[in-house]
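Asks: Listed here are the chains, written in short residue letters.
Number of protein chains: 4
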Amino acid sequence: MKIKEELASLVEYSRAYYSRMWMFATAGNLSVLDPESGVIWITASGKDKGRLTVDDFIGVSLRSGEPLEDDGKRPSAETSIHTAIYSMLTGSTCILHVHTPTSCSLEFGLSKEESFRFVTLPNTEILKAFGNFLEEPNLKALVVHNHGFVPKISEDFKLALNKKIPDVPFFLIENHGITVWGKNVWDANKNLEAAEFVLQVMLARKK
Amino acid sequence: MKIKEELASLVEYSRAYYSRMWMFATAGNLSVLDPESGVIWITASGKDKGRLTVDDFIGVSLRSGEPLEDDGKRPSAETSIHTAIYSMLTGSTCILHVHTPTSCSLEFGLSKEESFRFVTLPNTEILKAFGNFLEEPNLKALVVHNHGFVPKISEDFKLALNKKIPDVPFFLIENHGITVWGKNVWDANKNLEAAEFVLQVMLARKK
Amino acid sequence: MKIKEELASLVEYSRAYYSRMWMFATAGNLSVLDPESGVIWITASGKDKGRLTVDDFIGVSLRSGEPLEDDGKRPSAETSIHTAIYSMLTGSTCILHVHTPTSCSLEFGLSKEESFRFVTLPNTEILKAFGNFLEEPNLKALVVHNHGFVPKISEDFKLALNKKIPDVPFFLIENHGITVWGKNVWDANKNLEAAEFVLQVMLARKK
Amino acid sequence: MKIKEELASLVEYSRAYYSRMWMFATAGNLSVLDPESGVIWITASGKDKGRLTVDDFIGVSLRSGEPLEDDGKRPSAETSIHTAIYSMLTGSTCILHVHTPTSCSLEFGLSKEESFRFVTLPNTEILKAFGNFLEEPNLKALVVHNHGFVPKISEDFKLALNKKIPDVPFFLIENHGITVWGKNVWDANKNLEAAEFVLQVMLARKK
Numbered sequence: 018m019k020i021k022e023e024l025a026s027l028v029e030y031s032r033a034y035y036s037r038m039w040m041f042a043t044a045g046n047l048s049v050l051d052p053e054s055g056v057i058w059i060t061a062s063g064k065d066k067g068r069l070t071v072d073d074f075i076g077v078s079l080r081s082g083e084p085l086e087d088d089g090k091r092p093s094a095e096t097s098i099h100t101a102i103y104s105m106l107t108g109s110t111c112i113l114h115v116h117t118p119t120s121c122s123l124e125f126g127l128s129k130e131e132s133f134r135f136v137t138l139p140n141t142e143i144l145k146a147f148g149n150f151l152e153e154p155n156l157k158a159l160v161v162h163n164h165g166f167v168p169k170i171s172e173d174f175k176l177a178l179n180k181k182i183p184d185v186p187f188f189l190i191e192n193h194g195i196t197v198w199g200k201n202v203w204d205a206n207k208n209l210e211a212a213e214f215v216l217q218v219m220l221a222r223k224k
Numbered sequence: 018m019k020i021k022e023e024l025a026s027l028v029e030y031s032r033a034y035y036s037r038m039w040m041f042a043t044a045g046n047l048s049v050l051d052p053e054s055g056v057i058w059i060t061a062s063g064k065d066k067g068r069l070t071v072d073d074f075i076g077v078s079l080r081s082g083e084p085l086e087d088d089g090k091r092p093s094a095e096t097s098i099h100t101a102i103y104s105m106l107t108g109s110t111c112i113l114h115v116h117t118p119t120s121c122s123l124e125f126g127l128s129k130e131e132s133f134r135f136v137t138l139p140n141t142e143i144l145k146a147f148g149n150f151l152e153e154p155n156l157k158a159l160v161v162h163n164h165g166f167v168p169k170i171s172e173d174f175k176l177a178l179n180k181k182i183p184d185v186p187f188f189l190i191e192n193h194g195i196t197v198w199g200k201n202v203w204d205a206n207k208n209l210e211a212a213e214f215v216l217q218v219m220l221a222r223k224k
Numbered sequence: 018m019k020i021k022e023e024l025a026s027l028v029e030y031s032r033a034y035y036s037r038m039w040m041f042a043t044a045g046n047l048s049v050l051d052p053e054s055g056v057i058w059i060t061a062s063g064k065d066k067g068r069l070t071v072d073d074f075i076g077v078s079l080r081s082g083e084p085l086e087d088d089g090k091r092p093s094a095e096t097s098i099h100t101a102i103y104s105m106l107t108g109s110t111c112i113l114h115v116h117t118p119t120s121c122s123l124e125f126g127l128s129k130e131e132s133f134r135f136v137t138l139p140n141t142e143i144l145k146a147f148g149n150f151l152e153e154p155n156l157k158a159l160v161v162h163n164h165g166f167v168p169k170i171s172e173d174f175k176l177a178l179n180k181k182i183p184d185v186p187f188f189l190i191e192n193h194g195i196t197v198w199g200k201n202v203w204d205a206n207k208n209l210e211a212a213e214f215v216l217q218v219m220l221a222r223k224k
Numbered sequence: 018m019k020i021k022e023e024l025a026s027l028v029e030y031s032r033a034y035y036s037r038m039w040m041f042a043t044a045g046n047l048s049v050l051d052p053e054s055g056v057i058w059i060t061a062s063g064k065d066k067g068r069l070t071v072d073d074f075i076g077v078s079l080r081s082g083e084p085l086e087d088d089g090k091r092p093s094a095e096t097s098i099h100t101a102i103y104s105m106l107t108g109s110t111c112i113l114h115v116h117t118p119t120s121c122s123l124e125f126g127l128s129k130e131e132s133f134r135f136v137t138l139p140n141t142e143i144l145k146a147f148g149n150f151l152e153e154p155n156l157k158a159l160v161v162h163n164h165g166f167v168p169k170i171s172e173d174f175k176l177a178l179n180k181k182i183p184d185v186p187f188f189l190i191e192n193h194g195i196t197v198w199g200k201n202v203w204d205a206n207k208n209l210e211a212a213e214f215v216l217q218v219m220l221a222r223k224k
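Residue numbers (the numbering used here), protein chains in the order written: chain A, 18 to 224; chain B, 18 to 224; chain C, 18 to 224; chain D, 18 to 224.
I should point out that these hints are in silico values taken from the structure, not numbers from a laboratory. We put the beta carbon where it would ideally sit given N, CA and C, even for glycine. Just so you know, not all the hints are guaranteed correct.
Stated by the list, open to error - Across the chosen pairs, the derived CB separations fall in these ranges:
no., chain 1, residue 1, chain 2, residue 2, range
1, A, ASN201, C, ASP72, 19 to 25 Å
2, B, PHE166, D, GLU131, 37 to 43 Å
3, C, GLY63, D, LYS157, 52 to 58 Å
4, C, GLU124, B, ARG68, 41 to 47 Å
5, A, LEU176, C, GLY82, 45 to 51 Å
6, B, ARG68, D, GLY108, 21 to 27 Å
7, A, PHE150, B, GLY63, 55 to 61 Å
8, A, LYS175, B, LEU176, 48 to 54 Å
9, A, ASN155, C, LYS175, 28 to 34 Å
To be verified - With a Cα cut of at most 25 Å, we get these calculated BS3-like pairs of lysine-lysine:
no., chain 1, residue 1, chain 2, residue 2
10, C, LYS145, C, LYS200
11, C, LYS223, D, LYS223
12, D, LYS224, A, LYS224
Please put together the full structure from these sequences, using the hints given.
Replies: What follows is the structure in structure tokens.
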């Protein structure tokens, strides 16, 4: 079954992300979508991402957002963000959400009042990983306020996407981290690598 | 015996901390408390944390602070900080003290006169690792002056805790490092990962 | 066959570069030249540099810049830069092009109008890796504008070299990365290590 | 033979230093002294420090500074610095010289005119690795100008030591790197770890 391979691949990336300090203190959540069954396999809440195994994923219905069965594991508290992305961006079958020190160090000054904004990314060659080959791409990434009530983040994400199709396959939650999506696990990881890279350039230039 | 497993786990974390430059030059000390016997197992003084073994721990009485037996190993010079924490914060059975470049680069200006202060941590998602889920947690961490006489640090720690229950399961010694506590080794490590993360954000934003 | 060993060595370095974040998101390209046959073996487009194998290289004619055979793999989009270097700098048989966060964070302000410039490198001991042993070397490195049309980069590189023989065996493309050359794979890698080092010093001093 | 074990230990550290970017591009040199025979075993010139073996060391007479035999290997160009240290600081049997990005990024403004200076190190707990336990140690480290003619560095080192016994078991060469000494390989490595740590704090606070 293809999902098994995708989960094994996620486990491998998870350990790499942990070693890079992107998933410290159980932070972050990873998922794949099985488009045929409409089931999302997402990391259970509170798992150590440096020791993740395929048994740490839990099946959730894309339609209802509810776990398939009650086996004691709780899906990630941020499952609503995953369902929002899979619903809005058809063709995505993998979502990676990590906390990197870089993405958490950037300050945008969002608040309950101005709760999302599109910010311009520095023109760095690695943006070509997102399929844009213009000499001056001036790509904009969405940043959302880190609402205490997680479904409000998902709502802002949907509001923003209804305004503007995102230039890049990721968005930021201020003070919180990066969320990327992709056609499959490998593609999502490639997008995450490019996103973190461009944010490191952004932070270095602000110092 | 459960303590043996906890020590084996500490040894594994110790080597990871060394490789991250958190325990360079024999710096830092690690301990677990056996609540039943009232014995603290703490790293002996001067051990290479990149090569730690379970034989490098020494048993110390929580009540007296004295080694259980005279086998040539000296307990860490900072044992009094461990006994202060275990005594004040019932339920903690593991303490990790490391020197990270980040925590040592932050300047707070403490002195013999103002020898401790509570400082506000940046609102970063990873603070949720400490069990606080407010949108604007504004958590405060204790910072203590790096007194040359170590028991004075333990004393300041107790004074501060009598003033205010700490918002986070760690405190800082200025120019010196991070000390975290937890319900067990895994929990203490999770707290250390979150503490170092939030301090990296704090330092990056000061630059 | 010697080329096989050189490619195996490139594969090993590729994985090291990936782990250092120098070849994230499939970025960069690596090649060796077989001077006898005039064939360049270059990484095919879009390969994961953390998982590179010797089968991911494709043979290209130095003279025509065209692939030797049509086996479905496309040579790197930056092949013209490799052919420009091998043609201009006889004796070079290896080229390494990577994206490092450091090299992409440095800002030089180049544009279509001023599309290349020679910039002075900080006087750092590691410059001796380039064979210069003066006390105040004041070496200059070429920086080229990141033209959207890649052959324009190769053209600027040739224009610049006709003006001035480069002091160092590498050049930069602004917002893009480092390209080094060497007598063989080991030599090119040594040059890359020294180039990245001196750029890290340059960036640290600008902050 | 004890020297064999010390060299094997140096080889292990060498590879660790390389992986931390402290010995990139063949930079640096490592030695042990056999006090009985008066022979220094030092890395031959130009060796890849990520692939060092015990065969890459060459025997040099402490008294004359000349190689014991002519086997095609050249001793490091900085052998005179090693002989100066072993001669001045009796009891030292290991010297480690590395290029770290941190030590090369710090600027002191030395020149041929003012060719050495003692600079104050930040008061960081890790200084206790050097055996100083004062609350405000205010330790000073020697920094020497990076003379193009290496024996001039050795000479300045001796001049400085005749003025003042160094507070710490290392000195810096501006734009060049750190040189530490120790009672044995393990001790010298401990000193190097502490030196690099305190320099990272110094650099972070300057930014």
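Asks: Evaluate each hint against the coordinates.
Replies: Here is what the structure says about each hint:
no. : hint                               : verdict
1   : ASN201/A with ASP72/C: 19 to 25 Å  : holds (21 Å)
2   : PHE166/B with GLU131/D: 37 to 43 Å : holds (39 Å)
3   : GLY63/C with LYS157/D: 52 to 58 Å  : holds (54 Å)
4   : GLU124/C with ARG68/B: 41 to 47 Å  : holds (43 Å)
5   : LEU176/A with GLY82/C: 45 to 51 Å  : holds (49 Å)
6   : ARG68/B with GLY108/D: 21 to 27 Å  : holds (24 Å)
7   : PHE150/A with GLY63/B: 55 to 61 Å  : holds (58 Å)
8   : LYS175/A with LEU176/B: 48 to 54 Å : holds (51 Å)
9   : ASN155/A with LYS175/C: 28 to 34 Å : holds (29 Å)
10  : LYS145/C with LYS200/C             : holds (16 Å)
11  : LYS223/C with LYS223/D             : holds (11 Å)
12  : LYS224/D with LYS224/A             : holds (9 Å)
The structure agrees with every numbered hint stated previously.
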